[in-house]
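> Starting from the known structure of chain Y, arrange chain R on it as the hints suggest.
Read top to bottom, the protein sequences are chains Y and R.
For the first sequence, numbering that gives the first Met the number 0 begins at 0 and goes up steadily by one.
For the second sequence, numbering that gives the first Met the number 0 begins at 0 and goes up steadily by one.
Accuracy of the hints is not assured; some may be wrong.
Partial list, computed: chain R residues near chain Y (C-beta under 8 Å) [unchecked claim]: (1) PHE21; (2) LEU35; (3) GLN40; (4) GLU89.
So these bits of chain R aren't anywhere near chain Y, every CB distance computed over 10 Å [claimed, not checked]: (5) ARG10; (6) GLY12; (7) THR30; (8) HIS47; (9) GLU70; (10) TYR71; (11) LEU78; (12) HIS80; (13) PHE81; (14) PRO86.
For the record, the hints were derived by calculation from the structure and aren't laboratory data.
In this text, a Cβ means the ideal position worked out from N, Cα and C, and glycines have one as well.
Number of protein chains: 2
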Amino acid sequence: MIQEVALLHIRPGQTADFEAAFAEAQAIISTMPGYLRHELQRCLEDDHKYVLFVWWETLADHTEGFRGSPEYEQWRTLLHHFYYPFPTVEHYQQVLL
Amino acid sequence: MIQEVALLHIRPGQTADFEAAFAEAQAIISTMPGYLRHELQRCLEDDHKYVLFVWWETLADHTEGFRGSPEYEQWRTLLHHFYYPFPTVEHYQQVLL
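Looking at chain Y on its own, in the form it has when it is part of the complex (with noise of 0.2 Å):
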């Protein structure tokens, strides 16, 4: 299991309508294979950056899988315009101490 992890500012004023946006979206992004969880989180110091997690069953699921199909464009049409800059994406592992 991996954990996407994307840092998120919305562009100012936006953040209501990037809210209503994810709801939406949200539904495409769990239907995709490998998918297991996500969670969308606000930042406490900054109301217009938000950190979203998703938990994928592998590295590829998400970048080729999802990056890959057609849903991804459909989830990019709903969200990308929200972001300013473009977001950093990475995927992280749990280390086991």
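Only chain R this time, still in chain Y's reference frame:
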């Protein structure tokens, strides 16, 4: 419940030492009032980058309680010398959609 998110960049060649120090340090944070749980995760795109998640009951449990405690000095001594640059630490709360 709030989630602390700390993006950590470890100095070159020091990741094994950092993980060993973190294994010791996590015993410190786990005893603090308001602490719920934590995860250390390693970035798949950059093996010197980590993210530390700590779940706290309230923001003040972290920013006032832990950071104002004698235990924080031990934590800092164990870990802070591994970080360059010094991490950005923010707090997030789940958006329920």
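> Hint by hint, note whether the structure agrees.
Now for the hints, and whether the structure bears them out:
Checking R/PHE21 against chain Y: minimum C-beta separation of about 6 Å stays under 8 Å; hint holds. For R/LEU35, the interface hint is violated, since its Cβ never comes within 8 Å of a Cβ in chain Y; the closest pair sits about 15 Å apart. For R/GLN40, the shortest C-beta to C-beta distance to chain Y is roughly 4 Å, which falls under 8 Å, so the interface hint holds. The interface hint given for R/GLU89 holds, since its Cβ lies 5 Å from the closest Cβ of chain Y, which is under the 8 Å cut-off.
For R/ARG10, the requirement that its beta carbon stay farther than 10 Å from each beta carbon of chain Y is met, with the minimum near 17 Å. Here R/GLY12 stays apart from chain Y, with its beta-carbon at least about 17 Å from theirs, past the 10 Å limit. In this structure R/THR30 is separated from chain Y by more than 10 Å, as the shortest Cβ-Cβ distance comes to about 16 Å. With a least CB separation of 12 Å from chain Y, R/HIS47 remains clear of the 10 Å interface cut-off, as annotated.
Distance check for R/GLU70 against chain Y: the nearest CB is about 18 Å away, which clears 10 Å, and the non-interface claim stands. Every CB of chain Y lies more than 10 Å from the CB of R/TYR71, the least distance being 19 Å, so the non-interface label holds. Every CB of chain Y is more than 10 Å from the CB of R/LEU78 (nearest about 13 Å), matching its label as outside the interface. Its beta-carbon lying about 19 Å from the closest one in chain Y, R/HIS80 satisfies the requirement of being farther than 10 Å from that chain.
Listed as outside the interface, R/PHE81 is consistent with that label: its C-beta sits roughly 14 Å from the nearest C-beta of chain Y, beyond the 10 Å cut-off. Non-interface status of R/PRO86 relative to chain Y is upheld: no Cβ of that chain comes within 10 Å, the nearest being about 14 Å off.
Of the numbered hints stated above, the single one contradicted by the structure is hint 2.
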